[in-house]
Every structure is written in C-alpha cells, then in structure tokens.
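Number of protein chains: 2
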Amino acid sequence: MREIVECVPNFSTSDAETVELILNEIKKTKNAFLLDYTFDDYYNRLVVSFVGSKKSMLEAALNMAFKAVELIDMRQHKGQHPRIGAVDVVPFIPIKNVTMDNCVELARKFGETLAKKCGVPVYLYGEAATKPERWDLDWIREGEYERLAEMIVKPKRKPDFGPAKLHPTAGATITGARKVMAGFNVNIGTADLKIAKKIAKPLHAKKGGFSNVKAMAAFIPEENITQIGMSITDFERTPLYRVFEMLKVEAARYNIPIVGSEFCGMAPLKALIDIAAYYLKIDNLTEDRVLEIAIQNAIKKEGVSE
Amino acid sequence: MREIVECVPNFSTSDAETVELILNEIKKTKNAFLLDYTFDDYYNRLVVSFVGSKKSMLEAALNMAFKAVELIDMRQHKGQHPRIGAVDVVPFIPIKNVTMDNCVELARKFGETLAKKCGVPVYLYGEAATKPERWDLDWIREGEYERLAEMIVKPKRKPDFGPAKLHPTAGATITGARKVMAGFNVNIGTADLKIAKKIAKPLHAKKGGFSNVKAMAAFIPEENITQIGMSITDFERTPLYRVFEMLKVEAARYNIPIVGSEFCGMAPLKALIDIAAYYLKIDNLTEDRVLEIAIQNAIKKEGVSE
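For the protein sequence lines, the chains are A and B, in the order given.
Numbers in our numbering are just positions in the first sequence, counted from 1, shifted up by 224.
Numbers in our numbering are just positions in the second sequence, counted from 1, shifted up by 224.
By construction, these hints were calculated from the structure, which means they are not laboratory data.
You can't tell identical chains apart in this list, so a pair holds if it fits in one copy or across any two.
Below 25 Å or equal to it, Euclidean Cα-Cα: the simulated PhoX-like pairs (lysine-lysine) are:
1. LYS430 to LYS382
2. LYS279 to LYS333
3. LYS430 to LYS378
4. LYS254 to LYS524
5. LYS418 to LYS505
6. LYS494 to LYS505
7. LYS421 to LYS505
8. LYS505 to LYS425
9. LYS524 to LYS251
10. LYS380 to LYS431
11. LYS291 to LYS278
12. LYS524 to LYS252
13. LYS422 to LYS505
The following block holds chain A by itself, in its conformation from the complex (with noise of 0.2 Å):
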C-alpha cells in the first residue's frame, strides 16, 4: 500500500529566482511529487504543496530548507504576512497509509536536522507541540522577525531544537503536523485596509470569530483592492460555506462587494462537497459518490490490474 504525505512549507519569499531554485529540491528528490505553488509581492511568500512517502517528504523539505537558509535574508525582508524566518514554516499532513504520529516524527526529524546542520532555532507546532500554547502558530510567531531577538531568549519561548538565539539571516523555523486545512482567501471591492481589517476580525477564532478559522487583511496594490485570507484549520466542522456567508454579512454592513474568491494551495474534496451540499441542499453527498473516486476506489478495491 503506498503511503502519502503532504508537506506546505512556507518560504519568506517571491524572489523567482529563489524559488525556482527552492523547488529544483523537489525534482531531485525520488518519489516527491509537486502540486502546487504559490507566491506573490504582497505577501511577500512562497506556499509549495507536494506528496510523497515519508522518506522522501524528509529529504526534500530539508534540502528546500537548506536553500532557502542560504538564499533568503530576513534581514531585507517585507511582507503583509507574518513570518519569523525564512523558512516560515512546514507542516506534514497524513494523507494516506500514514498516521499523524508518523508525520510528528517527520516533524521532528526535520526539527532536528536542521537545527543541527544550519543553526536555525526550530518550534514544534500543531500535533507536534511539546507544549500547549505552542499548538498555535500565532502563538509562536508573536513578534515576528523583528522581535524574535528578545523573544527566543525568554525561557517560555525556548525553541525545542537549535540555540535559544536567532540565525541573523534565516531567523527561526517553526515544524510540526497537521490535519488538511483549507486555504481560502477572498478578495473585497475596497482599497481601505482598515474595512478590510474590521471584516476579517469577526471571523477569526481569537477575536470572537469562528473556532478553527483564521482570518487576516492584506492589500492587494495590482489590484487595487483588499484581501480577507484566511485558513480553515479544521473545514469539515466549520465549512467554508459559513464563514464565507458570513464573510458577506460583514462586508454588506460597509457596502463592500466581494470581487472573487480563491482557494491558497489545493481545494480538499470535502470542502468542495460541504459547498455543494449547503446551496443545493444535497442529502447524501459523500467522497465516495464523486464519480471520479468512486471510480479510482472501485477500482483499486478489487486490485485488478489489465
């Protein structure tokens, strides 16, 4: 049976150069498959998704670890989204055959290593968290960057891997594992951040918003628009359908149309059928009644071969 792992590490930049670069380490790397890739100036990001068995998710999010360390200076780095280090942060996801625990270890492993091999501080987040409030991302990454030299001292904030001590260039990295999430990001007729701020701030978990979703306001200068991005940690049990709806109560409350929507990384099929589902009030929609997989489960069910 073969196992799947996905791995979205997330880079501190949209250098092209660098990121072309960054995903050679993924072609190198047998039996590492990309999906996707996203980055752009306003972020100032770049978001990879690929799979692959364990043993090849860990070589190839190293070796993207080690050039993007040697490539990305914090030091000159601006972006709209947070971020303490270069290589912000990278998560693995068990996708099949896999369990979490496994993708804790890959975690750690990938902690461990570079750490070692580069001097980076490292967190462990997520299902990797060795303590509470290190489950949260945002936890960690309070103060960004910029702070980071007078937070990683403090002992509550020692990292689990690495010197208690920024790396001047590549700053820290956070690791851990996770469920799917769901990246999902809509942008708003106006050019006023502050809007923008006080609609994304009613959906986010923290603020009072919904559990498992967070929800930030970026300016998009092409565009001339804003952006409400957010991520949907847990989607099956606060569908996007809701928080986009809600998203739209908001905006009404200041005139703002919504211009368009977009999923950040890849849509998980669940999400698309809780969609589907609410607006054409569908009973009995599941995975397994999706032609497609039925047809790829029907199939790999029986083990036959032609």
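Based on these hints, arrange chain B on the given structure of chain A.
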C-alpha cells in the same frame, strides 16, 4: 494505460430479488466494478452504474440484459418514469483512454447481440443514433411500452436491430453512447403533482427551458411530496446551480419550499466544482486543483511505484 468505460443501464424493476440477480452479473465479470445502484417503487426502475474495460462492459451489460429479459414482465409494469422495455436504456460512456467511437461500437455490439439472442427490438440513440431524431431518448420512447406495438410498425420507427415487433414481456431496448451526465432530483414541499409539473416544465429543454435539461415531476407517496427529476446531459454548458436557482424561482411562485435534493447516480466532480465556484465566487477552480485529484495525477504522471 487502463481503459475505463462507464455503463449506466436502466431496468424496469424495483423487485429486490430481480435487482440482486441483475447486479450479480457484474460481480461475475472480470474487470467490471459496480459503482452504484438505486431503485424505488415510485419510478419502479433500477439504475445501475458500473465501470471497467470495453470487453468487460459489453460482457456484463449483455448478461445483465439477458437476466432482465428473463425476469421482468412489462405487461405487469407500472411506474412514473417513461420506459419502453425491461432493459429500457443502456448507455456506454467514455471515461478514460476510450473514445466516444469506441462506445458507439460497444452500443452497436450490445444491441445486435441482444436482438439476436432474445428477439428484443433495439434502438440506437445519442452518439450511436442512425437518424437525427433518434438522438433523443424521449423521441424513441414516445407512447412508452403501452403503445409500442402500434408505434414500432411505422417505417420511421423501425428498430436498428431485431424485429419491428415488440417483445411481449421485454418490450424494446434503447442503447447508445453519450458523455457523462448528471442526474439530479429535487424534492419539493407539495403533494400536488399538477404544481410539480408546472415547476418542471419551464426547466425542460423541449418546453422552452434550458438546453441539455430534461425535467419531469413524480409523486413520492412515502413522504407525500413531489420530486422534480432531472437529467442534465451537458452540465458544463448548463451548470447545475443555474438549473437549481431557476427551479427555486419557479417554486417560489407557488410558495413551495425546496425540501432537499440528491444526485441520481454518481456526482461528476466538474458539476460540484461549478456549484462551489458559483456560490463562493471562486475564480480559478479546476479539477486538477482538487487535492485528491492532484495527488492521483502527480503520482500517476511520474509512474513511480513503491
């Protein structure tokens, strides 16, 4: 490269024992895989969906048809869905590494063999049609089983295979080839079939509705409500959300609520994507941006096995 054909035969029965014997023929066939089947009393109709290689599809479809001809007596048959025979309609659908022409050929072989072995008159429809008017299932089915004896002797209605004479217990059969379509049923909160018909009518292509859409109304006695049963033959051109929204508009005219809906058979992924993209205004959603499909494609493309 594995070839995949889907076959979705419709039989005029809802007798559990008959259903089981018909489905058994799939199990007996190598490289044929059952995806789904539904049957109910009000339509008195069994709809099966199964996939496999060309050879296995032809073999299984024929054996299922032989079994249905043996067991079903159309003289006893009552049901709300239009039908002309025990083996009412047998479409072959290209899914992967198979052309529409391959499926036309399968339909011809199926029809020829069924006519020869059982003496059942067979019409070709859809992409396999031999005359333009026979493209349309409804044209062929006009008058249904009850008037088949008088219709079949008209020169324009000469069967493509077999005698121009109905088989007394099995009626006639329609076979052909077509693209994947979506079967979609919406339950509405009225027991009044007259109103349900008024809501179905403006959706139906031939009655001024959407091209690619057939819509009919049926009464569901168990729940004392009615159902708008639809088939959308080209759901890329006529997406489901559009049909659903128009159905809502028509139902609102009579103050009838939408109770729920369901796919009849499998839900094509592209249909779900179009629904999600419409309601959440998603700009860039394609099949290969769905996580489960992207993983499948990435791994297959590289052709690596572990």
